[in-house]
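A.B. asks: Chain by chain, the residues:
2 protein chains.
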Amino acid sequence: MGGPVNRRVILKARPIGIPRLSDFGEERAEIPELGDGQVLLRNIYLSLDPAIRGWMSPQEDSYQPPIPIDEVMRGVTVARVEKTNNADFQVGDHVMGLNGWEQWSVSEGRGFINRIPSEMGLPMSNFLSVLGTTGMTAYFGLLDVGKPVSGETVLVSAAAGAVGSLVGQIAKNQGCRAVGIAGGKEKCKRLIDFYGFDAAIDYKAPGDLEEKISANCPNGIDIYFDNVGGDMLDAALNCLSEGARVVMCGAIATYNDDQRRLGPSNLWQLLVHNARLEGFIVSKYIGRFSEGLEKMGQWLGSGQIKHREEIVVGLENAPGAFLKLFDGSNNGKLIIDLSGA
Amino acid sequence: MGGPVNRRVILKARPIGIPRLSDFGEERAEIPELGDGQVLLRNIYLSLDPAIRGWMSPQEDSYQPPIPIDEVMRGVTVARVEKTNNADFQVGDHVMGLNGWEQWSVSEGRGFINRIPSEMGLPMSNFLSVLGTTGMTAYFGLLDVGKPVSGETVLVSAAAGAVGSLVGQIAKNQGCRAVGIAGGKEKCKRLIDFYGFDAAIDYKAPGDLEEKISANCPNGIDIYFDNVGGDMLDAALNCLSEGARVVMCGAIATYNDDQRRLGPSNLWQLLVHNARLEGFIVSKYIGRFSEGLEKMGQWLGSGQIKHREEIVVGLENAPGAFLKLFDGSNNGKLIIDLSGA
Numbered sequence: 012m013g014g015p016v017n018r019r020v021i022l023k024a025r026p027i028g029i030p031r032l033s034d035f036g037e038e039r040a041e042i043p044e045l046g047d048g049q050v051l052l053r054n055i056y057l058s059l060d061p062a063i064r065g066w067m068s069p070q071e072d073s074y075q076p077p078i079p080i081d082e083v084m085r086g087v088t089v090a091r092v093e094k095t096n097n098a099d100f101q102v103g104d105h106v107m108g109l110n111g112w113e114q115w116s117v118s119e120g121r122g123f124i125n126r127i128p129s130e131m132g133l134p135m136s137n138f139l140s141v142l143g144t145t146g147m148t149a150y151f152g153l154l155d156v157g158k159p160v161s162g163e164t165v166l167v168s169a170a171a172g173a174v175g176s177l178v179g180q181i182a183k184n185q186g187c188r189a190v191g192i193a194g195g196k197e198k199c200k201r202l203i204d205f206y207g208f209d210a211a212i213d214y215k216a217p218g219d220l221e222e223k224i225s226a227n228c229p230n231g232i233d234i235y236f237d238n239v240g241g242d243m244l245d246a247a248l249n250c251l252s253e254g255a256r257v258v259m260c261g262a263i264a265t266y267n268d269d270q271r272r273l274g275p276s277n278l279w280q281l282l283v284h285n286a287r288l289e290g291f292i293v294s295k296y297i298g299r300f301s302e303g304l305e306k307m308g309q310w311l312g313s314g315q316i317k318h319r320e321e322i323v324v325g326l327e328n329a330p331g332a333f334l335k336l337f338d339g340s341n342n343g344k345l346i347i348d349l350s351g352a
Numbered sequence: 012m013g014g015p016v017n018r019r020v021i022l023k024a025r026p027i028g029i030p031r032l033s034d035f036g037e038e039r040a041e042i043p044e045l046g047d048g049q050v051l052l053r054n055i056y057l058s059l060d061p062a063i064r065g066w067m068s069p070q071e072d073s074y075q076p077p078i079p080i081d082e083v084m085r086g087v088t089v090a091r092v093e094k095t096n097n098a099d100f101q102v103g104d105h106v107m108g109l110n111g112w113e114q115w116s117v118s119e120g121r122g123f124i125n126r127i128p129s130e131m132g133l134p135m136s137n138f139l140s141v142l143g144t145t146g147m148t149a150y151f152g153l154l155d156v157g158k159p160v161s162g163e164t165v166l167v168s169a170a171a172g173a174v175g176s177l178v179g180q181i182a183k184n185q186g187c188r189a190v191g192i193a194g195g196k197e198k199c200k201r202l203i204d205f206y207g208f209d210a211a212i213d214y215k216a217p218g219d220l221e222e223k224i225s226a227n228c229p230n231g232i233d234i235y236f237d238n239v240g241g242d243m244l245d246a247a248l249n250c251l252s253e254g255a256r257v258v259m260c261g262a263i264a265t266y267n268d269d270q271r272r273l274g275p276s277n278l279w280q281l282l283v284h285n286a287r288l289e290g291f292i293v294s295k296y297i298g299r300f301s302e303g304l305e306k307m308g309q310w311l312g313s314g315q316i317k318h319r320e321e322i323v324v325g326l327e328n329a330p331g332a333f334l335k336l337f338d339g340s341n342n343g344k345l346i347i348d349l350s351g352a
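Quick mapping for you: the protein sequence lines, in order, are chains A and B. Position 303 (the first sequence) corresponds to 314 in the numbering used here; numbering is contiguous. Position 303 (the second sequence) corresponds to 314 in the numbering used here; numbering is contiguous.
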């Protein structure tokens, strides 16, 4: 048939520990004919998220099956509908959904795909950051799972990251005290000066993390929004207040572990403080995204939410950009711009 | 002044691992004069519970301070008020509260002490078992923390134990499927024949525990009432259904650990299944005990709750009886009868 060729990034090898560039490959594929109910999407932006690391592992205990070797890398994109065999989508619609690291994706138009409301007048890339799964993770994770009450203390790990920085700001919008944990002076300064956190804890600075948390949360932690897991979770568990909630959003500290994962030593503290630890995956909330989009859009408009995007141009740069997530060198939500491809 | 002498069991040494008889001592003490607001209690029954092991350890991360060396062992008793400087209590009242392994206790009459309703016409020992903290732990832990819905599957560890056997029966009373884990054929038979569980899993029998759980919970676990912690929690985490609740009631598997406790490897499953793990201490519910007493009393009357008490006579036998909790050789809720002392 001819037509455009689909450049795509594939998984060449399962990473051992932190991924390397050699774990990725690039290929060119035909774009298949559309079957019944399918739509052809031209991907415009690709979101790079820590969770993708989990899908690169062989384990079966994930909420998504592993990406097969030599198959296209999985990721959330913003895309334009170019062809449609599905009455729910028109050519020219913009959608956000779970697709691939590729120029063209074929979608069934079901499950994890949302039409982007055109009336909001915001940049398309925002639908992968503050108005995408990142923003919805922060919004529903904090509000629906954590259930903050004005005056409470909310501690956030990976607080300078895409999700964490939003969690802190949403906490402030709810009248809470927001305390962030980040690595390095620069990030900690940004937490306070740019995102408006009440306090920032530099986990790379000398000193005991638990003592730092305790000093910055003198009344204990009411909500710990955990993006990290590992030792940081253990330290936070030792500082919980009565009835505390731990929102378990991610575990980037353990994504690269190949050993049997060992959980926190201090779970006992949940019992001592009548506290709970609750796991959370944003896909559960797809049906309520419009509610989150509206509220986050309002806060964005009123300046009550600030955010940063680091947009890297070109599909070929996706693997290298992805690695930044694991050394913390990205400056905001990492997005690949595929529009010029 | 003279008066009666107070025989008491004291903590001689902090146990290393499983407690030994040599960790306990006995002494005779004077009964002090009562101060303002105090009551003098003659202990009738003493409850022996796994949680006491936690109070024997030096760690500060417990919900009760450690029992000091050479001080009286702590425990819940049923007692009669013999003298009172407190207008809330009359001589002859029967109470249940946190006192000591001793014949006489002096209490402030505050906090963890409840007057026993005389109109229920049930044996006093029941107020340390099915109508005591044991029963209230099962009642509020399952109903208030676990929130069972008819048709759900409730898995209980240490199911032949004092708390676990009640949890299974309350689950059945709520229309749930009750699956119990216990050690040995005899206990498993008792779960089904006496307590009415739907299925029993013998963790001492050959075979993989996770596979056994999976086979007995074909639709997954909706509520795991965890009395044990450790590897059993890990196995259960791998069998959770969507939106599952883990009620973390005790961690007898780790009470005797002197190593740094390592938590469950599979906490990730909470995230995968939007599930939560919630800690729980019964003392939080003291204000609602009357509600639990009434309902449990009704079930007891109608035969919808069966229970067993193993009553050991004599304070001097308390240390030896306590050790049974750790090899599983007790047959029902362990209670020491102090009335003849």
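For the record, the hints were derived by calculation from the structure and aren't laboratory data. Since we're looking at a predicted model, the values are computed, not measured. Any given hint could turn out to be false.
One copy or two, it doesn't matter: identical chains are merged, so the pair holds either way.
No more than 20 Å apart at the CA atoms, straight line, and that leaves these computed lysine to any residue pairs for SDA-like [as the list claims (entries may be wrong)]:
hint	residue 1	residue 2
1	LYS196	GLY325
2	LYS335	GLU321
3	LYS158	GLY231
4	LYS295	SER252
5	LYS295	THR95
6	LYS94	GLY120
7	LYS196	GLU305
8	LYS94	LYS295
9	LYS306	ILE127
10	LYS306	GLY28
11	LYS94	GLY48
12	LYS158	GLY254
13	LYS183	ARG64
14	LYS335	PRO69
A.B. asks: Work down the list of hints and note, for each, if the structure agrees.
C.D. replies: These are the hints, each one checked on the structure:
no., hint, result
1, LYS196 to GLY325, "neither (31 Å within a copy, 64 Å between copies)"
2, LYS335 to GLU321, "within (11 Å within a copy, 62 Å between copies)"
3, LYS158 to GLY231, "within (16 Å within a copy, 27 Å between copies)"
4, LYS295 to SER252, "between (28 Å within a copy, 14 Å between copies)"
5, LYS295 to THR95, "neither (26 Å within a copy, 58 Å between copies)"
6, LYS94 to GLY120, "within (12 Å within a copy, 77 Å between copies)"
7, LYS196 to GLU305, "neither (34 Å within a copy, 58 Å between copies)"
8, LYS94 to LYS295, "neither (28 Å within a copy, 60 Å between copies)"
9, LYS306 to ILE127, "within (15 Å within a copy, 53 Å between copies)"
10, LYS306 to GLY28, "neither (38 Å within a copy, 54 Å between copies)"
11, LYS94 to GLY48, "within (11 Å within a copy, 82 Å between copies)"
12, LYS158 to GLY254, "both (11 Å within a copy, 17 Å between copies)"
13, LYS183 to ARG64, "neither (30 Å within a copy, 42 Å between copies)"
14, LYS335 to PRO69, "neither (22 Å within a copy, 44 Å between copies)"
Checked against the numbered hints listed earlier, the structure breaks hints 1, 5, 7, 8, 10, 13 and 14; every other hint is satisfied.
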